[in-house]
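Asks: Here's the letter readout for the chains.
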Amino acid sequence: MHSYDDILQKITEILRPFVPQGQAIAEETDLVADLGLDSLKVMKILETVEDSFDILIPLNVLPDIRTVKDFALQIQKLDGDGQ
Amino acid sequence: MTIFDKFDQLAAARQALEENCGDFFNMVVDDIISATEAVVNGRRMILAGSNNYLGLSFDSDCIEAACEATRQAGTGTTGSRMANGTFSGHVALEKELAQFFKRRHAIVFSTGYIANLAMLSTLVGPDEIILLDADCHASIYDGCRLGKAEIIRFRHNDINDLEKRLKRLAKRNTNILVVVEGLYSMLGDRAPLSDIAAVKRKYGAYLLVDEAHSLGVLGENGRGLAEEAGVEDEADFIVGTFSKSLGAIGGFCVSNHQQLDLVRYASRPYVFTASSSPGVIASTRKALSILHTRPELRRRLWDNANMLYQKLQDLGFSLGPEPSPIVAVRQQDKEEALAIWNALVQHGVYVNLVLPPATPDGGALLRCSMSAGHTAEQIEHIGQAFAAAHRTDQAAQTG
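Chains W and A are the protein sequences, given in the same order.
Counting along the first sequence from 1, when you hit position 16 you're at 17 in the working numbering, and nothing is skipped either side.
Counting along the second sequence from 1, when you hit position 9 you're at 40 in the working numbering, and nothing is skipped either side.
Only chain W is shown next, with the shape it has when bound in the complex (with noise of 0.2 Å):
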C-alpha cells in the first residue's frame, strides 16, 4: 500500500506529459480547467495509474475527481480496497 504523498509525488510524474511545458501542478490543481485535459488525455493517464499502481479504477469515480488531489485520495482509496 502507497503513502499518500507518495502517490501524489507518482501522479504528478505520470501528469507531466500530459500537460503544457511549465504548466505547475499541485494539490488543488484542477485536471480540466487548468491543465486542460481532455477525454482521450485521462484514459491515457487512467491507464498508465492503473499500472503504476497495480489497480483498477473504475469509470464510476471519475465525476468524483477534479483536483490532483481527488485524485490521489481515490487511488489512495483504490489502493487500500486492494482493487
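Since the hints were made in silico from the structure, they are not lab data.
Among the hints, erroneous ones may be present.
Unchecked claim - Calculated lysine-lysine pairs in the DSS-like style (CA-CA distance at most 27 Å, straight line): (1) Lys365/A with Lys45/W; (2) Lys11/W with Lys42/W; (3) Lys70/W with Lys42/W; (4) Lys42/W with Lys233/A; (5) Lys78/W with Lys365/A; (6) Lys179/A with Lys45/W; (7) Lys11/W with Lys195/A; (8) Lys42/W with Lys195/A; (9) Lys342/A with Lys11/W; (10) Lys202/A with Lys78/W; (11) Lys195/A with Lys45/W; (12) Lys45/W with Lys342/A; (13) Lys78/W with Lys42/W; (14) Lys45/W with Lys198/A; (15) Lys78/W with Lys198/A; (16) Lys70/W with Lys37/A.
Claimed, not checked - Taking beta-carbon pairs under 7 Å as the criterion, some of the chain A residues facing chain W (in silico): (17) Ile182; (18) Ile183; (19) Glu327; (20) Pro388.
Every residue, glycine too, gets a C-beta built ideally from N, C-alpha and C.
Dock chain A against the given chain W, drawing on the hints supplied.
Replies: Showing chain A alone in chain W's frame:
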C-alpha cells in the same frame, strides 16, 4: 454568466472548422438516388460512408413491405411497447430474429442506441461489474452510465489485459458482464472473440457482443462475429441494430437466457419510448429474410471492401488494421484530414470525417464504409478521388 457559457469551447472549435471547411456542418442530402448515390448540397455524389452494407435501404421488396404495412397499420404506433405499441409485426420480428440467431428469446427496441442503453443499464446492477473494451461505442458507455453497475475498461482487443482484470475481480465474487463489439465502428477491426470467449468461460463471466456492424457482414449465415468465430454458445447476449445491413432503424437483443423477457419490465429505455413504426418493422422483416435468401450480397460487399482497401493501401494511405467493409483512412493531422475530406467532396465522394475525441487514438479518420450496392466503377472513382485529394493536399503543403 449564462446557461450557454459551457458551449463556448465547442463554438470556438466549430468556428475554426468552418473557416477551413465551410461545408462540413452544413451537408444536406437533397435527393437520394440509390443506396450508393445522392445529391448533396446540389452536387451528385457517391455515398461512401453510409453503413448501408448490403444496400437494402433501396431494395424494392423492402420498400413495398414498408408501404403495405404503412397503408394497413398507419405511420406510427403512437405508444410504447408496454402500452399500446406492441403490434403483431413487432412480435413476429422478435420470433424471426430468435430463429435467425438460433436463440430462444429476442427483444426488439426502437433504435440500436436504445438497445444498448436498455440492456446495459438494466442487466447489470449495483455491486455487479461491466468490463468493457475501451473502444466500445458511445451507446455502450451511455448504457453503463445510466445503470448502477461498476464500470471498468480493458485495453482495446487486449486479451491479456482482459484476463488480468478478470483475475483481479474474481475475488469480488460477483456477476461480471464482458462487453465487446463484433466489428469496431471506427477502424473496422474484429474483436478476438474466441480468446475472449475462452477467458469469459474460465472466470465464469457473462458475455455481450454488439454485432451492430457485423450482422449481415460476418459469418456463413450473416449472424456476425460470434458465428464466424464459432463461439455463439458463449455469447450470452447479442445486441445489434437494423440501421446498417438491414437498411432501416431499430435495435434488438437475442439470448438463450429465458430471463431476457424480464428486461422488458425493468428497462426504462424500453418502457418509455414509442415503439418502431409498422413500416420500419415490415421492411426490417423483409431485409432479415434477404440475409437468408441472398448470400451473394455479402460476397459482393466483401469483394468491394477488399477492392477499396487494396486501392487505398496501394496509394500509401494509413488504414485500419485489417480489410473490412469499414475502411478507415487514418490522419494524424486534423487540418490535413479536413483538406482531404473537402477535396473528396469536390470530386463527388462523400465519406465520414471523424474527429477526436470520437476517434480511438486522438487522430482524425476519413471513414469509408462499403456497400454491396457499389459498382466497380464507383469504387474506381472513390480510389481516384482519394488519389487526387492526396495530390492536392501534398501540393498545398509543399507550396
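Asks: Run every hint past the structure and note whether it holds.
Replies: Each hint tested on the structure:
no., hint, result
1, Lys365/A with Lys45/W, "holds, 20 Å"
2, Lys11/W with Lys42/W, "holds, 17 Å"
3, Lys70/W with Lys42/W, "holds, 18 Å"
4, Lys42/W with Lys233/A, "violated, 33 Å"
5, Lys78/W with Lys365/A, "violated, 39 Å"
6, Lys179/A with Lys45/W, "holds, 24 Å"
7, Lys11/W with Lys195/A, "holds, 23 Å"
8, Lys42/W with Lys195/A, "holds, 23 Å"
9, Lys342/A with Lys11/W, "violated, 47 Å"
10, Lys202/A with Lys78/W, "holds, 18 Å"
11, Lys195/A with Lys45/W, "holds, 18 Å"
12, Lys45/W with Lys342/A, "violated, 33 Å"
13, Lys78/W with Lys42/W, "holds, 22 Å"
14, Lys45/W with Lys198/A, "holds, 22 Å"
15, Lys78/W with Lys198/A, "holds, 20 Å"
16, Lys70/W with Lys37/A, "holds, 24 Å"
17, Ile182, "holds, 4 Å"
18, Ile183, "holds, 5 Å"
19, Glu327, "violated, 41 Å"
20, Pro388, "holds, 5 Å"
In the structure shown, a violation is registered for the earlier hints numbered 4, 5, 9, 12, 19, in ascending order.
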